[in-house]
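Those sequence lines, one after another, are chains A and B.
Numbering of the first sequence is given in the numbering used here, commencing with residue 18 and proceeding in unit increments.
Numbering of the second sequence is given in the numbering used here, commencing with residue 18 and proceeding in unit increments.
What the hints contain is simulated information worked out from the structure, not anything from laboratory work.
There could be a bad hint or two in this list.
As the list claims (entries may be wrong) - Subject to a maximum C-alpha distance of 30 Å in a straight line, what follows is the list of computed DSS-like cross-link-like pairs (lysine-lysine):
id : chain 1 : residue 1 : chain 2 : residue 2
1  : B       : Lys238    : A       : Lys238
2  : B       : Lys278    : A       : Lys177
3  : A       : Lys308    : A       : Lys24
4  : B       : Lys177    : A       : Lys162
Number of protein chains: 2
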Amino acid sequence: MELNARKKKILEVIIRDYINTAEPVGSRTLSKRCNLGISPATIRNEMADLEELGFLVQPHTSSGRIPTQQAYRYYVDEIMEIQKLEKMIRTDIHRGFLDHTTELGLTMSHTAQVLSQLTNYTAVVLAPRVTNFNCKHVQIVSLIKNRVLMVVVTQEGMAKNIEVTLSHEVDTILALKLSNVINGFLKNTVLSEMSSDLIDQIQELSPAESKLIHEIIPHLKKALMEDASEVHSTGLTNLFNYPEFSDVNKIKQLINIVQEKQVLSEMMASKDGNQVIRIKIGSENDNENLKDFSIITSTYELDGEMMGAFGVIGPTRMNYDNVSSVLNYIRNELNLHISNLLMK
Amino acid sequence: MELNARKKKILEVIIRDYINTAEPVGSRTLSKRCNLGISPATIRNEMADLEELGFLVQPHTSSGRIPTQQAYRYYVDEIMEIQKLEKMIRTDIHRGFLDHTTELGLTMSHTAQVLSQLTNYTAVVLAPRVTNFNCKHVQIVSLIKNRVLMVVVTQEGMAKNIEVTLSHEVDTILALKLSNVINGFLKNTVLSEMSSDLIDQIQELSPAESKLIHEIIPHLKKALMEDASEVHSTGLTNLFNYPEFSDVNKIKQLINIVQEKQVLSEMMASKDGNQVIRIKIGSENDNENLKDFSIITSTYELDGEMMGAFGVIGPTRMNYDNVSSVLNYIRNELNLHISNLLMK
DNA sequence: TATTAGCACTCGCAATAATTGAGTGCTAAC
DNA sequence: GTTAGCACTCAATTATTGCGAGTGCTAATA
Chain A
18 MELNARKKKI LEVIIRDYIN TAEPVGSRTL SKRCNLGISP ATIRNEMADL
68 EELGFLVQPH TSSGRIPTQQ AYRYYVDEIM EIQKLEKMIR TDIHRGFLDH
118 TTELGLTMSH TAQVLSQLTN YTAVVLAPRV TNFNCKHVQI VSLIKNRVLM
168 VVVTQEGMAK NIEVTLSHEV DTILALKLSN VINGFLKNTV LSEMSSDLID
218 QIQELSPAES KLIHEIIPHL KKALMEDASE VHSTGLTNLF NYPEFSDVNK
268 IKQLINIVQE KQVLSEMMAS KDGNQVIRIK IGSENDNENL KDFSIITSTY
318 ELDGEMMGAF GVIGPTRMNY DNVSSVLNYI RNELNLHISN LLMK
Chain B
18 MELNARKKKI LEVIIRDYIN TAEPVGSRTL SKRCNLGISP ATIRNEMADL
68 EELGFLVQPH TSSGRIPTQQ AYRYYVDEIM EIQKLEKMIR TDIHRGFLDH
118 TTELGLTMSH TAQVLSQLTN YTAVVLAPRV TNFNCKHVQI VSLIKNRVLM
168 VVVTQEGMAK NIEVTLSHEV DTILALKLSN VINGFLKNTV LSEMSSDLID
218 QIQELSPAES KLIHEIIPHL KKALMEDASE VHSTGLTNLF NYPEFSDVNK
268 IKQLINIVQE KQVLSEMMAS KDGNQVIRIK IGSENDNENL KDFSIITSTY
318 ELDGEMMGAF GVIGPTRMNY DNVSSVLNYI RNELNLHISN LLMK
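Let the sequences and hints guide you as you build the complete structure.
What follows is the structure, given as C-alpha cells:
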C-alpha cells in the first residue's frame, strides 16, 4: 500500500503526536504541528481518506483520530528509521556493561535493567540455553544418599544444574568415577547419541555403576532437551504510568505474560526471518495475552550462532523509534561482552 | 485491654463481616447477624464505646464502622482460634506434596502454589539457606579459561552455585586438585576459619595453586555470608480481586515488595519470639512498603533447626483464621517432607 | 481541480444540582 | 439498661447543563 508524500507526512505526524500524548489528534493541532502550510480543512480531508484506508480511527464521532495497528505497522516499515543513540548515552551503556560482565547471570540482569531504564517499558532478557549439542563436561556431585547434582558445562563455559534422585547411594568417590566415565565418553561424541548399547560397552564399570549410568543419561538428555532458558525481566511497574494501564485487567494481563516464562521464552527465541530487530504489534502476536501489547525483540550471538534474545514489552502506542535504536545498540554491546565473557 | 463479653462478641461479628464483605457494617445489619437479641440502638451504643476505645472507625460520619488495626490485633490475640483444616483438604494437600518432593526447588514452588491457592492471597516461600557452618563439600568445576564454578554442598544435601573469575586459567585437572585441597581442609574445620596462614601450610601446592586457593576462599566465604536464599512467590494477581487493590498505586507497592527479595527474605527469616505462626498487621511491619498490608508467616525446620520460612501477604482485612489454619498445616507437611528429602 | 473559510452539528467531559438511602446520635419512654 | 422514634449527615448515584475540541459539508477562491 502506497501513500502520497503528503498523506505519509500527515500520518507520521499523527502517530508521533499520539505516541507522545496519548490524546487523539485533531486537524487544528495537526495543522500547527506539521509545517506543511496546509489548513485544517485540507487536513480533515486527508484524514478522512486515511481513515477510509484503515490507518486511523475516531474513538467517537467528533473527536480527533488515533492510529490503528495497521498505521503502526506502516510507520515501522515505511517511515521510521533506526537512529544512532547519542554519544553520551552510548558511552554510559558501554561503561555499565564493563562493570557487569564478570558473570553471565549478572550480565543478563544488568541488560534487563538498562533496557527498562532507557525505554521506560518492561524489559525481558533470555539467558543462553544450555543444550545437548555443545556440552563439553559433566560433573556429578554427591548431595546426600541417593541424590546427586549434575553440573553440565557447555563449550562456551556456561553451566546448568540438574538435581536427581537415583536408585542407589552415591558418595563422593563414586560421583567422581561416574563423572569420569561420562566425560570420557563425551570426548568422542555428544550426549544425545549415548545409547544403552554404548554404555554397556564401557569396560571399567561394575554392574551397579553401569546401572547408575543408565539412569543418569536419560535424565541428562531430558534436562538438556527441555529448553528452560532463564528469563530475566525488569520494569514491570514502568508500564503502570501509561494511561492505557490504569485498568487493573490490563495489568493482570501483563503480569500473566511476564510470569509465563516458558511462553515468553519460546516466543522470543523463535526465529522469524533474518531481521535484527523484530517488531510485533498488538494482534500480530500469537499469544492471546499479548494482543493488546507490542513487543520488540532482538537476539545476541556468539560466533554467528544465536545464543539468546532480549526485548521490550509495552503498549501498542509504543515509541518504536527509540526502542529500536536502543535494542540495536544493546545488541552490539551484548554481542561484544558476551563474546568476551564466553571466549573460547 | 479487656472487653466485656458482649462487646467482644459484637467486635467479633463486625470483624468477620467486614472481612467477608469489605463494606462498613452498620447497627441494623449487625443486629440481624449476631443473634444476641439486642436492638440496633443498643448496638449503636456499644459501637460508640468500641470506637472510643480505638477498635472501630467510621470512614465518614453516618456510615457503618470498620475495624482498626488494633481491632485486628485484638481479634488475632484474643478471639480467633486456629482451626483444624477439613479432612478432605488435608489429604489433598498431603497428596500434592508427595508428588513434588523429588527436588528441593520443586517442593518450594509447589508450596507457594498451594499456599496461594488455599488462601487466595499472595504466597512467599523462602528456600533453605546454604551457609558457612554446614558446608560439607566443595566442587570446583572448570568453565572456560580462568572462570570456574564452585558448587557448595551442605550437610543436608543442598547445593549452591558460585561463579567466579580467577587470575589464572583453570582446567579440569586443576579444578579437581583444587577441590580436593579444599575438601581435605573441610574434614577438619569449617570454611570461615580457613585463614591465609592455614592455606600456606598446605604441602602439596605449587605457588600458582596456592595463589588460586587464596583467591577462591574469600569468594566462597563472601558468597556464603550473603544470605541470598531463594524466594518463590505466587499468586500476585490474587490480590487484584480485592477492592482495596483497585488502586494502581497499591498494586505498585505490592509488586515492589515481592520484587525486593532481599528485604522479604530478611524480614521473614528474622526470629521473633517462639510463635509458630507470626502475624504482622499493617504498620506493625517495619518495612515502609508493607504498612498497608498484613503478612502471616511461619517457618519449617529440620532436626529442630530453622531452615526457611513461608507465608502469605494480603490486605489488613485478611482472613486471619483461614490463613493461620492453612499455614499451620502446611508447616507440618513441609517439615515432614523436607526431612524426608534432606534426611541424613 | 485542489484548497480553504465558514458554519452547523456532534459528543465526551467537567461542573453543578437533585435525589436517595444507609447509617448515626440523641431523647424520651419502657 | 434497653429500645423506639426522629432529625440529621453524607457518600454515592443520577440528571442537567455548558463548554470546547473536533468533525463533515458546502460554497467560494486560487
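These are the hints, each one checked on the structure:
Distance check on the hinted pair: Lys238/B and Lys238/A sit about 34 Å apart at the alpha-carbon level, beyond 30 Å; violated. At roughly 23 Å between alpha-carbon atoms, Lys278/B and Lys177/A fall within 30 Å of each other, so this suggested pair holds. For a cut-off of 30 Å, the pair hint linking Lys308/A to Lys24/A stands: about 28 Å separates their Cα positions. Proximity of Lys177/B to Lys162/A is assessed by CA-CA distance (about 18 Å); at most 30 Å being required, the pair is judged to hold.
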